[in-house]
Amino acid sequence: MTLLLVLMLVLMLVLMLVLMLVLMLVLMLVLMLVLMLVLMLVLMLVLMLVLMLVLMLVLMLVLMLVLMLVLMLVLMLLLNWFLTLPLLLTSRMLTLPNETRDSRELWDTCLSAASLCPIRLAHGSFGNPPTAGNGCAIAFFWLLFLRPARGRSKKSD
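Residue numbers (numbering that gives the first Met the number 0): 0 to 156.
Hints listed in this document are in silico derivations from the structure and should not be mistaken for laboratory results.
Yeah, the Cβ is synthetic: ideal placement off N, Cα and C, and Gly gets one too.
Be careful, since some hints might not be right.
Stated by the list, open to error - Restraint-style ranges between C-beta atoms, simulated for each label pair:
(1) 75 to 41: 49 to 57 Å
(2) 52 to 77: 51 to 59 Å
(3) 4 to 38: 44 to 52 Å
(4) 11 to 31: 28 to 36 Å
(5) 11 to 32: 25 to 33 Å
(6) 36 to 77: 55 to 63 Å
Construct the entire structure; sequences and hints are all you get.
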């Protein structure tokens, strides 16, 4: 009887050991799977975030470059337009003979060039010119510096 009890005890111990081993293996497998899944998810999220950040940075850089190029092109065209208008006025003044280069001719020249200018001003905003109408700011600016002073006497030789 004691032998049977010892055998049963040993058998129970072996069964318990096997059960514990199986349970530990299953638990380890489950834990490893969960850890691997969590790590994979974290890594995928981090990689996706990094990729999204890199893509966003690249897209932002490309968009900023395109925007800067377009802006520079528009500014260069506007600058070209507004720089050539005074040059046209100046060349028109210099080609006039001296006796016709009076203030009336200057105003007419400025107004004819001002009709091409995109910036319009209200009537009489730069004083009271003879036939100002809606003129151009740059034409009037150049007019202020280019027209002869009124009432100035001409030097005679």
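Verification of the hints:
The given range of 49 to 57 Å is respected by residue 75 and residue 41, whose C-beta atoms sit roughly 50 Å from each other. Between residue 52 and residue 77 the beta carbon distance is about 36 Å. The supplied range of 51 to 59 Å is therefore violated. Residue 4 and residue 38 have their C-beta atoms about 49 Å apart, which keeps the hinted 44 to 52 Å range intact. Range check, residue 11 to residue 31: Cβ separation about 30 Å, and the 28 to 36 Å hint holds.
For the hinted restraint 25 to 33 Å between residue 11 and residue 32, the CB-CB distance of approximately 31 Å keeps it satisfied. At roughly 59 Å, the beta carbons of residue 36 and residue 77 sit within the given window of 55 to 63 Å.
Checked against the numbered hints above, the structure violates only hint 2.
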